[in-house]
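J.: Chain by chain, the residues run as shown.
Number of protein chains: 2
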Amino acid sequence: MVKKSEDFDEWYNEIVEEAELCDKRYPIKGMNIWKPYGWEIAQNIDMLIRKEMKRTNHKEVYFPLLIPEKLFQKEAEHIKGFGTEVFWVTHAGDNELEERLLLRPTSETALYSIFSLWIRSHADLPLKTFQIVNTFRYETKMTKAFIRVREIHFFEAHTCHKDFEDAERQIKEDIEIANRFFSMLSLPCVFSKRPDWDKFAGAYYSIGIDILMPSKKTLQVASIHQYKQNFSIPFEIKYEDEDGSHKYCHQTTYGMSERVLGAIIGVHGDEKGIALPSSIAPIQVIIIPIIFRGKEQQVMQECEKVKEEVKKLGLRCSIDDREKTPGNKFYDWELKGVPLRIEIGPRDIEKNIITMVARDGIKKEIDRESLNQLSKEMEEYDARLFSSAKQFLNENIHRMDKLEERDGIIEVPWCGKEECGHEMEERTEMKSLGIPLEGEECDKACVICGGKGKYWLRLSKNY
Amino acid sequence: MVKKSEDFDEWYNEIVEEAELCDKRYPIKGMNIWKPYGWEIAQNIDMLIRKEMKRTNHKEVYFPLLIPEKLFQKEAEHIKGFGTEVFWVTHAGDNELEERLLLRPTSETALYSIFSLWIRSHADLPLKTFQIVNTFRYETKMTKAFIRVREIHFFEAHTCHKDFEDAERQIKEDIEIANRFFSMLSLPCVFSKRPDWDKFAGAYYSIGIDILMPSKKTLQVASIHQYKQNFSIPFEIKYEDEDGSHKYCHQTTYGMSERVLGAIIGVHGDEKGIALPSSIAPIQVIIIPIIFRGKEQQVMQECEKVKEEVKKLGLRCSIDDREKTPGNKFYDWELKGVPLRIEIGPRDIEKNIITMVARDGIKKEIDRESLNQLSKEMEEYDARLFSSAKQFLNENIHRMDKLEERDGIIEVPWCGKEECGHEMEERTEMKSLGIPLEGEECDKACVICGGKGKYWLRLSKNY
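Sequences listed follow chains D and E, in order. So the first sequence is numbered by my numbering: it starts at 1 and just counts up by one. So the second sequence is numbered by my numbering: it starts at 1 and just counts up by one.
It is worth saying that the hints were derived from the structure and are not from the lab.
Pairs count within a copy or across copies, as identical chains cannot be separated in the list.
Dumping the calculated BS3-like pairs for lysine-lysine here, alpha-carbon to alpha-carbon at most 27 Å:
#1 LYS311 <-> LYS364
#2 LYS54 <-> LYS228
#3 LYS247 <-> LYS24
#4 LYS70 <-> LYS144
#5 LYS312 <-> LYS376
#6 LYS54 <-> LYS312
#7 LYS144 <-> LYS461
#8 LYS312 <-> LYS51
#9 LYS59 <-> LYS311
#10 LYS24 <-> LYS70
The whole structure should be built from the sequences, with the hints applied where relevant.
T.: Now the structure itself:
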């Protein structure tokens, strides 16, 4: 296998299949098969965000996949943004359909015609919903597992509010949710308010959430959008206010895709394989029996006992009792990113210990009576993943007064004019990520026009 | 609302929206919106079958939705069966696709070209997989929520085996799984080996699993198929046997759809609403505070305490603290089918009891110290649902020597000839469900030709 340190993108392309996350041999470009291990991780990621949604009183719904063309065309910017990348259903059986249907690339237009029926009065607000669905985009660029695919496993939250302020409160909540969610995955991320020319099709403004990959290119894993009334007006999502007047809702969305898994693979993986944060690892603790002739039964019994005790701690634990050498088993589980490995052999039993090795190489002997230490060990492993990812990110964000080419993310003074932003993109061959959310002031001169800098504009190469 | 006892089908059509399971106003016929309550129930149903799959070592996968036309055409019977009811994607963006893609109506043809890559040797067998996905059928008949829809929430297990016998063992396991699954839902079901003219497109034989609805029409909720080598030959799913020879696999499938929910609504519901088996109820125990002026705090505190204790029993429990009268709350939760209701008022607190009312009307005072009795009460509630459903089924299966019109399911002697079967269907205006699995002999004369009866053929009107 290619080395991660030598050719990250090639390593990534190989590891997704080596670790049995997906199979790329399906005969349609960009549509891959989720293998059992990959799908279980995806479902664990879904459960994390579901928990956050429940905590914040969002309700899960499921809307149809197909969208009638007329609905899709109601918001002009939206169709401009997505029109060239949707799949069209034109026939059913032997008949041509009277109206073409499209496969959702995202579900605004499917949900909003119904939201207009669900919302009648201010008492119905805020309406907070989400769904986890398959979406479709006809990507013409090179596809890449989890990162650029044509059928996308997608999370999307959609909310309606009585006014702009309440929608802004929602955006703050979304940022908090994203922060919690990505820290559970030990992934440091960068929030940027996208420049106007790169906001979501139909949005008033967009916040992009980016992860810095080892290639020093950024990967947008999620986004949060303030729609204001851009959709509620064409879709007539109105409510009767307390004073009897009728008003259009303000709306927001928070979207996230299987790219989250792509980021986990990229950021935490190493030459041995992927490394999973414990929150989403299908197996958190793998027990490897170290068998010597004559001791099989004793070792296996001890393994079973330890497994039961570890499970009682609330950890997902399995024994690898396949007919393979311990070395081969180590290799397999490192490849698949299991957070903790426990080795149990006659010597461990004799010494009344277990030998624990974390996926990042930290090795410890743990007292047989102190198995509950494993929870702490797992937390520490997660924290180590997080801190080395943070360090990598910090080392690769460069705040500069001049426009110089650097790997990673650069932040340069910008006057706020679109043409200067474009000029920066062209000169650096980077894309603007946007400006920091904190709204920090910048008093240096714009690197293009020399005019008064208003913002620090972030740029990077990206996926 | 229409009465269930007076017009079941109309009651059904109304209750699915009244109980907030779905919204039928989406602008494409037969594609409904799953509302939060309905979707949560659907996910709980999915979890039940997932547990069964895990118990029997099936692995969950996710294959792409779109299938290239060429793949779909590999098995001749299959395309004959489904060809007239698939949705076709012909364009993407502004381009016409080189090859048409169809939305999976079921996933045989998507999975099997890849199974041929996954299976190399006898050591790879049996291969046991399943997926839970959205499938699509262009229904031309009248649609009905959960029962006849165009986007279907679908479960499908696909297995590959070294020989016919091992595939037969799988079918036995599937029957056991189905029995366990449907009893967890308190649904008695009827297994029939479908007549040849009604088997699944491409199957060697099919077993249908039918539920008798209150309209006395049957609803096929699931099916199990023996494919033999009908798909493995065109898809070249081969393995190297221990003796070095190359053989085609034998295959089976087990499919089940959101119709399961339709059956639950139909079979268990009553004039008050739906009635959920506890296994899938989003709320198993609802606590209604009975508030008298001046006692608010005391009652709410007691409700909170009881809720925590009930949760510790492993039951899903909520307090309804909305500003509504208890009567209105009773109405809402009966409509939504919550298994157990607990009422707590000052009098209950004084008497040191709680008042429990099961969804089917059984009322009990339970000692405050004996809350764990609730688990037993819930089991008994489930058992009562099951037993009244069984009674209804038993009363409506009629074994007869002559062909008479009867409501429900009839079983009549049949010589086994296709034309006699068709003749029965025509005369009764019923459809054949097939013959009992037990293979029980029949020594009466065929009701059509008078020849030697071989089987009891089941017939019914159906959905």
